[in-house]
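Visitor: One letter stands for each residue in the lines below.
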Amino acid sequence: MNAEMITCPHCGKENLPQATRCVHCGEDLDEVFKIEGVENIPLPSEGPDVSVSELLQAFRQPDKPAEDKPLTAGAPVPGSLPIEENPQPDKPVEDENQAPEWLTRIRKRAQQEEDAAGELTRKMNSLDNARSTSSQERVDDEFASWIARIRENTRRESLLTPKPPTGAPENEDGVPEWLRRVRELQPDALEEEQPVLGTGAETPAGGTDSNPALNSEPEAEPSGNLATDAGSGEPTIPEAPEQPASDPIQSASAGQGEELPAESVSADMPESRGSEPEAEGEQNSAADGAGTPAEDEPPESGQSPEVAAVLQGIGLAAEDAPVELDERAGAGEEISADLLLLRRQKESAQTLLNLIDEEGKGPPPAKTQRPGGRGWSRFILGSFLLLVLAAVLFFAPETKPRDWENPAPAVALKDRLRALEKGDLVLVVQEYQAATSAEMEQIAVPVLRDMQTRGVELQFLTTHPNGLWLSGSLMDAAGIPAREAMFLAGGKPGVLAAALNTDGNSRVVPAGLKSLDSYALILLLEDSQADIQTWIEQAGPWLSPTRLGILASSQNAALLLPYYDAGQLAGFAAGLNEGRVLAQALDQTPPAGAPSRAFQAGLLVMIAVLLLGIISKAEADSSAQHRKEPGV
Amino acid sequence: MKKTLPVLTAAAAALFILAALIVGEPLAGWLEIVLNWAVIVASAALLVAIATLILTHTRNIIHGKRGFIYSLILISAFLASLIGGLVYGTADSAYLRWVAAVQLPLETSLLGLAALVMTAAALQVFRNRGWSLLTMSFGASALVFLVISLGLLQALNIPLLTAILNYLQRLPMIGIRGLLIGVGIGALMMGLRVALGLERPWGE
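So the sequence lines, in the order shown, correspond to chains A and B.
622 is the number that our numbering gives to position 575 of the first sequence; each next residue is one higher, with no gaps.
1495 is the number that our numbering gives to position 152 of the second sequence; each next residue is one higher, with no gaps.
Not one of these hints is a red herring.
Some but not every residue of chain B turned toward chain A, in silico, with C-beta under 10 angstroms:
1) Ser-1452
2) Leu-1466
3) Arg-1513
4) Leu-1522
Footprint (simulated), chain B over chain A, 3 or more residues, beta carbon under 8 angstroms:
5) 505-517
6) 531-542
7) 644-653
For the record, the hints were derived by calculation from the structure and aren't laboratory data.
Glycine included, each C-beta is placed from N, C-alpha and C at the ideal position.
Hey, can you work out the whole structure from these sequences and the hints?
Guide: Set out below in structure tokens:
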């Protein structure tokens, strides 16, 4: 086996005989495949404008004048060189593997032109050199495995990529579907192979000049190289079924013993060097003739483990769908079945998407026949409510009770505030949101102004970032000189740490914050029940009950009263009304403004909407009863 | 160990806090240290939450996800607030006014929307649920307390009416006391379950 290997002239390592590039260093192995003795033959001095096609035309037209041929006088006449009938013994044929001289020169010419045809003939030359009986079998195996791999890739791609709705096996150009996909998979290879095909068909060994010539005389021409042309390009291998070519093995053996199809393909496929197990079953059939349709059979069912895994993943295998892509007819069936499955999956996906879109929307409202004339009454009722609301908002004077009942918590807080003396330290804790700042400022401003006028020293603390930028407007409204509000981080643990900070040296409380016991009053400005509970439950146990007072929004009144009744608060005022009472008790003018009226307007809207709901429900019930009992 | 360590940590912390609050002075120093740890961990958790928020919205912007414009607004507002605070300081009145000018209308609008939603729910509650004891009691109580909150009836200064209103206004205290008692018992039970390792509020 090693004796058949070729040695790379660059790195000196061994390579397979059909390799065109060294697998170790990547260098080209072209010089390895040079035919001995060919180099010594003088090159024809044809003009640069003579193409290979013209040369081939000259070979096929022996009656053409010699002066039209691009070859020199000393060169052999190509037209007189039929491979079988007129072997020329004077040509330098060294052995049975050696091509005739005219073919060698053509290949040499093609090599010089360095086009795709030259690439093809170079590979052919290398294969000619490397071919042997033992290597032939291996090459055939590799060819078969390569075919199987292409089919697997095609099948996998066809299963994993969306397919056109029509499953026609061939398009209008007669190109099979599977071939089109192979070309899509390897556009670069196709671009490289297209000129190869065109030029390769012009080689004399191709015997066709072009494909029409081949089709017109499929049996007459030696088809050894014809099969080579058809099989030289990787994507063009499956096209062989379209060509009624003769058996390439026969022609090769009849010619120079060349079995080019499989070898040339193998030489083009470096990755086909390693034989694959699934290709073993088809070695014989592939070796018999790789280009015929019947020999394009994939290994066994054509379903490798990888493809089976893919099919299993998309659910095709479970439905026992035909997945073989063997022959053209079978491929068409497979494609149509596959498309049906994909369409069904697509429809299922669309149905699922529709369900998801409809989720949460609820059933469409039932169209009910509404009695005529009732819409007007509802419109009039709604308009009347809106008019009343607008009148209250814009025309009615603000409701001010002449004599508010003094709520006990507010009175208690007023007493505690009155007990403050000049120089007492009061901690004002701001823990309300921006949305309630208007209401909270209306309640707190009179209290703060009163303490400021009586010389009470104020400190501001907040546990919410909101308090940092809301303190400014509160100080401005109360006429208090601006000062920085301290920020207490940590939530409940922070409040507890501040309560336990008896010596004032805790690291987690702000530097300016003293022990809570040192404050004469801790006045909480709250709009949240959670914050109220945090201070009462975390800091309250460590404080005297007379040190904790609260100014809160109205919705917290119910929560604060139990704490006040339990003796945990010095007092509180919740809401605008109690804030007004407290302000009056402190001889301060409560700030009258939009929040009070807006609050009342909002309450009126709520009342109106609630009444509308009740009325509309009663009306609907009445209508239903009338429909059930028409006589009533 | 992955499950045991958090349980042991939570139980130890809970028992130590209880012991320190009960014993008092002997454990006061240690209690302060533990509270410092708690505050530091909470602050670090807040920073992690902010970082996660920013990363998530930055990822949304990079991948062009649906609604990424909101992520862009969030990131821009965050960066503007952060840079303004770093440059001018959190005590700068101009910076505080700027933030408040953004924050105040936003939160007020949110609260107004909540009021509208509640109003719409009040409109639909009878239509969807029909006449029942629950809906009728809901409607009646809502109407009564809305009218009382208006303050119009108190302005009439009718003694009998005032007495009735005062009585009605103390009705919610019954409910709120029951609610507070329930909350207290629930918190106690939850604390015991966490201390005993029966509850894992931090997740598995």
